[in-house]
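Peer 1: The listed protein sequences derive, respectively, from chains D, S and X.
According to the numbering used here, the first sequence is numbered sequentially starting from 11.
According to the numbering used here, the second sequence is numbered sequentially starting from 11.
According to the numbering used here, the third sequence is numbered sequentially starting from 11.
FYI, nobody ran anything at the bench for these hints, they're computed from the structure.
Misleading hints may appear alongside valid ones.
For lysine-lysine, the following DSS-like pairs were computed, each having C-alpha atoms within a straight-line distance of at most 30 Å [stated by the list, open to error]: (1) D:Lys27 / S:Lys81; (2) S:Lys375 / D:Lys81; (3) D:Lys27 / D:Lys98; (4) X:Lys81 / S:Lys27; (5) S:Lys27 / D:Lys27; (6) X:Lys81 / D:Lys27; (7) D:Lys27 / X:Lys98; (8) S:Lys27 / S:Lys98; (9) X:Lys27 / X:Lys98; (10) S:Lys81 / X:Lys27; (11) X:Lys98 / D:Lys81; (12) X:Lys81 / S:Lys81; (13) S:Lys27 / X:Lys27; (14) S:Lys98 / D:Lys81; (15) D:Lys27 / D:Lys81; (16) X:Lys27 / X:Lys81; (17) S:Lys81 / S:Lys27; (18) X:Lys27 / D:Lys27.
Cβ-to-Cβ under 8 Å is the rule here; a few derived chain D residues that face chain S [as the list claims (entries may be wrong)]: (19) Pro28; (20) Ser34; (21) Gly53; (22) Leu59; (23) Val385.
Every residue gets a Cβ at the ideal spot worked out from N, C-alpha and C, and that includes glycine.
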Amino acid sequence: GAGLPVFHSADGQFSFKPRGRILSDVGTTFGSDHDARNITTTGMRSLRLGFEGGVGTHLFYQLEAELGQSKVQIMAASLGWRDNISAKTSFDVQAGNLFNDRSFDGSTGSDSTPFMERSVVADAIAPERGYFGMGAMGRLYFPAGHLAVTVTGDTVDADHTQSDSRTAMARLHLNPLRSDRGLLHVAAWGFDEALNGASRTITPSTFVDTRFNGALRVQSGALTGATGTTGYGFELGGYQGPVWFMAEGGERRARLDGGRPDFRTRAYSISAGWFVTGELPPYNPRVGSFGRPHVHAPVFDGGPGAIELTTRYEQVSFRNLPDPADGWSETLGANWYLNSFTRIQLNAVYWSVTDALPAYAGTDKGETLAARFGVTF
Amino acid sequence: GAGLPVFHSADGQFSFKPRGRILSDVGTTFGSDHDARNITTTGMRSLRLGFEGGVGTHLFYQLEAELGQSKVQIMAASLGWRDNISAKTSFDVQAGNLFNDRSFDGSTGSDSTPFMERSVVADAIAPERGYFGMGAMGRLYFPAGHLAVTVTGDTVDADHTQSDSRTAMARLHLNPLRSDRGLLHVAAWGFDEALNGASRTITPSTFVDTRFNGALRVQSGALTGATGTTGYGFELGGYQGPVWFMAEGGERRARLDGGRPDFRTRAYSISAGWFVTGELPPYNPRVGSFGRPHVHAPVFDGGPGAIELTTRYEQVSFRNLPDPADGWSETLGANWYLNSFTRIQLNAVYWSVTDALPAYAGTDKGETLAARFGVTF
Amino acid sequence: GAGLPVFHSADGQFSFKPRGRILSDVGTTFGSDHDARNITTTGMRSLRLGFEGGVGTHLFYQLEAELGQSKVQIMAASLGWRDNISAKTSFDVQAGNLFNDRSFDGSTGSDSTPFMERSVVADAIAPERGYFGMGAMGRLYFPAGHLAVTVTGDTVDADHTQSDSRTAMARLHLNPLRSDRGLLHVAAWGFDEALNGASRTITPSTFVDTRFNGALRVQSGALTGATGTTGYGFELGGYQGPVWFMAEGGERRARLDGGRPDFRTRAYSISAGWFVTGELPPYNPRVGSFGRPHVHAPVFDGGPGAIELTTRYEQVSFRNLPDPADGWSETLGANWYLNSFTRIQLNAVYWSVTDALPAYAGTDKGETLAARFGVTF
């Protein structure tokens, strides 16, 4: 983040920058038919500590540990090499524990997503191994977009008594139109995953807008005998002045043994935002995702900060399995950026979940109000 | 701590300071009637890593992780805002995982307590959720003292499938007399906690002076069906020149369902210290607790450092439950401060524990010798 | 490491240096008779974060946490004091969680070992408590070598309801011959350990060159009733110009109750390396182990970096127990040092394991190829 200083070694060749984020949440749910869902909870969405840096101009590294949810998880932990190919194109290759380049929301950091939680597309059209995997990634950057290709095994914390699962993944984003104050974004991505060992039991589950209500999930029972998953998605969005728009959709098929039909997940989301205070949306054209905004008049300089109003509709369905499930939600939100790396978020979600599992069978509707105070370094 | 440099961003608006502490213990117990208590153990009282800083003059943040006892626990993790009300009064508000402002010993950091362990008042007259909770705290500072009001849910690492427990807490400290070399401290505090879900089973337990003898506890069997706790306490202390004195006492009542009488805990402690080398006690009049002393002649400058002799008597009782328990201890201690943030501590404890649990039924007495080497950044 | 800057407090008395390492592995095994061993896995050999520093010229401290293998483990966490005895001799004493000074490979940091894994001598002729223990260590440094004496209890994360196990350990290394470009190294070491409580059940296991194949171990069934272990070893090695050689061997006896014969482990390893690019081996004559090399022409300055070719033969046997086991391996390796703290390692291992356990009974042979990309700060 912009907040922290970068340290250099005496010879200038080595750089080192601490990184961190504190995202502190509170949320309450009401209106559900099930008392167990009408709860109020606090939680740390992210407590992250780490560092990044480089050696010379080509080698770069990063290491981040997430402390926020009851245990330590390694997030990005990688070493990479970057270079220019020509005046306008460049590349990098990385090895280590890598963050997926997959979907618009899924490629945006947890401290930069316009809503408190990523969309169901990012969350449900994903490999079983989740947002991170150990392996190698190559990315090519050109004036109109970028292409990322990744091959990974399991995450860093996984079992070593059997072969890793294998995931191949790619994403291509293009900006066919681009002006000083506006831009069109189109992208496509996909992945294919061969499952191994314990990963062959999958438990479909996603949340419709707040992770800190553990009783409120779109979920199915455990599925054994999954041999692999294949997923893909499309993105269409852009911004003109302070207003942005993003539509994402995707499908995932999990192959099951014994001649059973594929378990199928479909998800889409449509979202939009408006910086009332006039800032441009924090779109990063290099990697095709959101970053942090440049705030015109930060609160710390006596200004009002930046204010963004947001809305999202999203839908997800789990099909072709004994316990199908559906969910959709409509979110209204407001983001108040005190400066470029300090933010207060409010989300009001109207959600509907239809479940085949006995505990919450049938359709249930309700509202969730949630707030977050976050700082990123 | 004073030891580490503070880093600033290029524009001076962002500050960042690493924090840490290493508190390394060894202890031995003898004289108990139970062989299982006559043991010798080593342990890390605290291995803490974190950072603190600010953005502009008003926003401040901190994040600390404790690595010392078999797992990672998030300690303070918060964002806050501070401002002046007038020339002499100021306030701050914080949100996140917050350290209790409760009891004198309980409000003092683990690297600054005059004895190796906090008193039974701090440890037993406490909410079930412990020393930390997720929520919000407001504090008002005025020339004669300060007032803190806190509302929290569970700790950061807690379960999210049910509503958090709720704790409201307040503490008021006053310094009615104050001179250049002396001061009187009076304070009162209380809390009320509504318990929820798994928190409704409580297991009363506290230690009489060394946490690293796991077999030596004042403890009762598990109590189910607790619906809430209420506690309060009073503090009276002060210092004149290098000699300080502190008395604390409190009571906690845990409400039980089924018409059972409240489970009642009472505790008090009386302690005193003398800086043989003439330093003033490290009392912080802003928040009414101990910090680190200003050592006149640090060892690293060729001086003797600061030497403090301490003594404490403390007593705790668990009543109105199937397995009542009592304990008291008398501690003699010495603290050698090499400089303001490096300290060697020795504690000799004579303890007596009366237990109704079968394993250690009856009254048992013995001695514990313990030593700590600590550095704080 | 050399890479990171050292921070000093304003008065110059306090220093602070972040430390870290990222060692990222991938490996594949083939040729085994057991399909479960022919697997391909990724893993983080080390993800380490910490800091070290000093107060004044005598006091030093360090704290390191290892995040790489599914949980947080405290590694070195200690406070120490160092001073000169005369112009040529000096000493230090440390308290806290201490890294063994034991065997050549075992005393070398995981980021500096010439092979991807330490030898079976370092790994199998070791106390049950492993590479670290809480306690105190004194070291004496003189022109011809050093002597280290350590007394420790359990590791920092261990149980506190019973007395720690106790380990006494010593190592003496000498450099009887020494010139500008060459040196002879001889050393002897030993330890004696009294086991307590849960530590009395021991499960002999070591790996022959890749930890990230969890199915490939030299191992025996669990042994109960071990009361203590005694081990010793010898080292003979040295270098002349860019070529080094090291032979290590040792034996450990675990005493068993009930009049059973000692469980006996024997291990030896012979290894050699050649810096093709002419660097001297990174032998540290102060502590008698390897560090990081001084690379003549780092890649980041446009040079080729340093290239080292290595080879090792090692053998280990577990004897006098119901399920004896043996293993040996021959490794060919190459290390490419981009600069002094960035390294790519390749190891090709031909291994043979003879097991009495039912799952892998009999002799099995195969090959493992493994690679590592590592950076140390």
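Peer 1: Taking 8 Å as the limit, does the beta-carbon of Gly53 (chain D) come near enough to a beta-carbon in chain S?
Peer 2: holds, 6 Å
Peer 1: Within a Cα-Cα threshold of 30 Å, do Lys27 (chain S) and Lys27 (chain D) meet the stated pairing?
Peer 2: holds, 13 Å
Peer 1: Regarding the pair Lys27 (chain D) and Lys81 (chain D), is the alpha-carbon distance no greater than 30 Å?
Peer 2: Holds, because 24 Å separates the two Cα atoms, which is no more than 30 Å.
Peer 1: Closer than 8 Å between Cβ atoms is the bar; does Leu59 (chain D) clear it against chain S? Give me holds or violated.
Peer 2: OK, holds: Leu59 (chain D) within 8 Å of chain S, min 7 Å.
Peer 1: Holds or violated: Lys98 (chain S) with Lys81 (chain D), Cα cutoff 30 Å?
Peer 2: violated, 43 Å
Peer 1: Hinted pair, alpha-carbon criterion (30 Å max): Lys27 (chain D), Lys81 (chain S). Please report holds or violated.
Peer 2: holds, 26 Å
Peer 1: Using 8 Å as the Cβ threshold, decide whether Val385 (chain D) counts as touching chain S.
Peer 2: At about 5 Å, which falls below the 8 Å cut-off, the nearest Cβ of chain S leaves the hint on Val385 (chain D) intact, so it holds.
Peer 1: Is the straight-line distance between the alpha-carbon of Lys81 (chain S) and that of Lys27 (chain X) 30 Å or less?
Peer 2: Roughly 24 Å separates the two Cα atoms, so the pair holds.
Peer 1: Holds or violated: Lys27 (chain X) and Lys27 (chain D), Cα atoms, limit 30 Å.
Peer 2: holds, 13 Å
Peer 1: Next pair to validate is Lys81 (chain X) with Lys81 (chain S); report whether the Cα-Cα distance is within 30 Å.
Peer 2: Roughly 8 Å separates the two Cα atoms, so the pair holds.
Peer 1: Can the restraint linking Lys98 (chain X) and Lys81 (chain D) be considered satisfied, given a maximum Cα separation of 30 Å?
Peer 2: violated, 48 Å
Peer 1: Please verify that hint: Ser34 (chain D), Cβ, nearest Cβ of chain S, below 8 Å or not.
Peer 2: holds, 5 Å
When each numbered hint is compared with the structure, violations occur for hints 2, 7, 11 and 14.
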